[in-house]
Amino acid sequence: MKKKVFLLIGLILVLSSTLPTFAQVISPGPASWDPDLTSSGVAITEPFEGYLYDPDVVHGGSLTVATPSDPPELHQWNAGATASYDFLDIFNDYLTRTDPVTGAVIPWIAESWEVSEDKLSYVVHLAEGVKFHDGVDLTAEDVKWNFDFIMANNFTRMSNVWQILSREKPTEIIDDYTLRFHLAEPYVPFPRNTLGNPYIYPMHIWEPISADPNFDWLTFVPSEDQHIGCGPFKFVAYVPNAWYKFEAFDDYWHGKPYLDEIIRPIITSGDAELLAVKKGEVDIFTGFLASEAIPGLLREEGIGLYLYNNPYMYHWGMNTAKWPFSVKEFRFALANAIDKQDIVDTLLLGYGLPGTPGVEAPFYNFWFNPDVPETYSFDLNKSIEILDDLGWVDTDGDGVREGTGDHAGEPLAFDIGPPIYDPVRCRAAELLSEWFAQIGVDATVQYMEWATLWGKIIQPLDSPTKIDTWLLGSSQSPEPTWMHTRLHSDNIPNPNYYGFIDAEYDELALLQGTQFDSSERQESIWRMQEILAEEVPLVVLYFRQSPSVYRNDELTGWVEHFGAGMDHFWNYLNLRPIMELSSMSVSVVNTPPPEVEIGDDFTLGITYTGPEGPVTTASVSAMLTGDPTPYTLVHVGTGTYECDFDTSDWHEGDYTIRVEAKAMGFVSELTTFAIESVEPFVEEPEPPSFWESYGATVTGVVVVLAVVAVAAVYMYGKKS
786 MKKKVFLLIG
796 LILVLSSTLP
806 TFAQVISPGP
816 ASWDPDLTSS
826 GVAITEPFEG
836 YLYDPDVVHG
846 GSLTVATPSD
856 PPELHQWNAG
866 ATASYDFLDI
876 FNDYLTRTDP
886 VTGAVIPWIA
896 ESWEVSEDKL
906 SYVVHLAEGV
916 KFHDGVDLTA
926 EDVKWNFDFI
936 MANNFTRMSN
946 VWQILSREKP
956 TEIIDDYTLR
966 FHLAEPYVPF
976 PRNTLGNPYI
986 YPMHIWEPIS
996 ADPNFDWLTF
1006 VPSEDQHIGC
1016 GPFKFVAYVP
1026 NAWYKFEAFD
1036 DYWHGKPYLD
1046 EIIRPIITSG
1056 DAELLAVKKG
1066 EVDIFTGFLA
1076 SEAIPGLLRE
1086 EGIGLYLYNN
1096 PYMYHWGMNT
1106 AKWPFSVKEF
1116 RFALANAIDK
1126 QDIVDTLLLG
1136 YGLPGTPGVE
1146 APFYNFWFNP
1156 DVPETYSFDL
1166 NKSIEILDDL
1176 GWVDTDGDGV
1186 REGTGDHAGE
1196 PLAFDIGPPI
1206 YDPVRCRAAE
1216 LLSEWFAQIG
1226 VDATVQYMEW
1236 ATLWGKIIQP
1246 LDSPTKIDTW
1256 LLGSSQSPEP
1266 TWMHTRLHSD
1276 NIPNPNYYGF
1286 IDAEYDELAL
1296 LQGTQFDSSE
1306 RQESIWRMQE
1316 ILAEEVPLVV
1326 LYFRQSPSVY
1336 RNDELTGWVE
1346 HFGAGMDHFW
1356 NYLNLRPIME
1366 LSSMSVSVVN
1376 TPPPEVEIGD
1386 DFTLGITYTG
1396 PEGPVTTASV
1406 SAMLTGDPTP
1416 YTLVHVGTGT
1426 YECDFDTSDW
1436 HEGDYTIRVE
1446 AKAMGFVSEL
1456 TTFAIESVEP
1466 FVEEPEPPSF
1476 WESYGATVTG
1486 VVVVLAVVAV
1496 AAVYMYGKKS
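For the sequence shown, position 182 matches number 967 in the numbering used here, and the numbering has no gaps at all.
All the pointers check out, no bait thrown in.
Below, computed lysine-lysine pairings styled on DSSO-like, alpha-carbon distance capped at 27 angstroms:
#1 Lys1041 <-> Lys1030
#2 Lys1107 <-> Lys1167
#3 Lys1241 <-> Lys1251
If you are wondering where the hints come from, they were derived from the structure by calculation, not from laboratory data. Keep in mind the model is a prediction, meaning the values are calculated, not measured.
With the hints as constraints, model all of the structure from the sequences given.
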């Protein structure tokens, strides 16, 4: 059986073997991220090939996507939570976007640009015909207003704008659809991170709002008639604690979406959400799926399962400005008390990777530093030694150590906050608490609704309502500037919730954005990872290989994203109802044996036939219980597809093989096989016969007797 592989090549195998119905125009992303595509600002010249708008395609249908919580923020100026972007992404649009397969920058509303020789200015050309949902044209005035407004307010989530553009003259209009951006200094990922940072809001809506002397961007809540964007869907209604809804925008500049509407019910329970998907009430599951649920889902009709390398770092964060987390040695003591591999093995059932001290995900291997020293690893004795050396011992016999000096007698006690909607993080918090108790540290798990927890995470460092520590999932990307955005000291307290301050790190975070030489930039990024390993402002617990569950029996045109589940922008554009698809007849030509001895090989072969004959262009893949890597069935002729299976790594027990065939114009066909794996039969040898056992002895005796007899006759004759 194939080994579990969690590097990017595993993702590419998934992409190549489970392509959507328009798969002929998708090519998988590279196994090694090309820094010239993902970081230098070089844009591909065409939009994502998987989305080539066809007005003749039948429009209609509804997409229902569950979301685990209400959006805590309803406009981009204060947005930070994933649930907020789930809401905002549907009806807003960007100047540039990212290709879901290659990770390259895509010109979007900014359809082209030129950069000056000194790389301090960009002339950006806007697409004409872009309209806001109230019918007003989007022009250079709107773009200028958005960027100037950001520069005037230094919004915490938009440092890739206000730290990059010139303060004296950030933008200037050349004509209605052309403007020039002036940079404070060269910035490598300007097209991706600066142009692609803010949504383009309508100036005629937001300029009067912001001019109100009572306007406070942190607390302002837009009214329903102020939710005006320029995205593919327009806002209809939002009922808190229930749902929100959008309908297709007829005048969307890239063509009206195929779907009529998108509805997002708010379902806080992962179990309830999964049940809704199974019943056909929800199309995409966005909650956190327990790994043990995967084998059962492989047998479900109408259910698609897409495994992808989740770019989120699921980490334990802490307020390093507060004692005892302000003491680096204490942070190391805690880091050494966390068994990250155990979390992956027991909570994720192997569907993931343990976190790295350098924080960066190993998926984006050009930027990942493989030589970051293991500054901490699971060793409770080491943790105890560090705390003893600090002199922080249990002086009153209650099992909890106390501080010294200004904190003499103060117990080493704090809270850990996981979001209640994620059972993995809840259980991980409990494990942390158990491990910390073994070294004399009292950590109390405080389970919270997401909105409550998020409000406590983003508080100022000295706020009495800021939580001590938390378990958070934060996105990374092929472009490593997230290391600047999230951890530069200018971005305290949001998104640098940790209060992390390091002068060398800050300097490198700014420098790497100006290094157009990829090797030099890599050197800076690698050193930043070393600093994070040396300072431990957070501990990445794991990276998930996440299952995305969706219904594939009502909609077609699914786009498989290199670093996201099925809930993303390209699916909003590309999904459409399944209409008049033909069925494929299935004939198994090589049936797997119902029982197989471990170590044996077997071949699975299936023939697919349509109304007009053999189906020769299908994408056929097999998933095996317990193995996240798909097997590809290769077309061997006349509609027959085969795959060889090696059982040398199998274990004794029951296995299920789930084979799915997809082809343009056909309904996907699912075939399952049940196989029992048994230990090899060792045949007992038959007991030897009497002659086999004693033949040689009898022969010897006979020979001896014959010799004696001959000798006796001889002697008798001689005497006579």
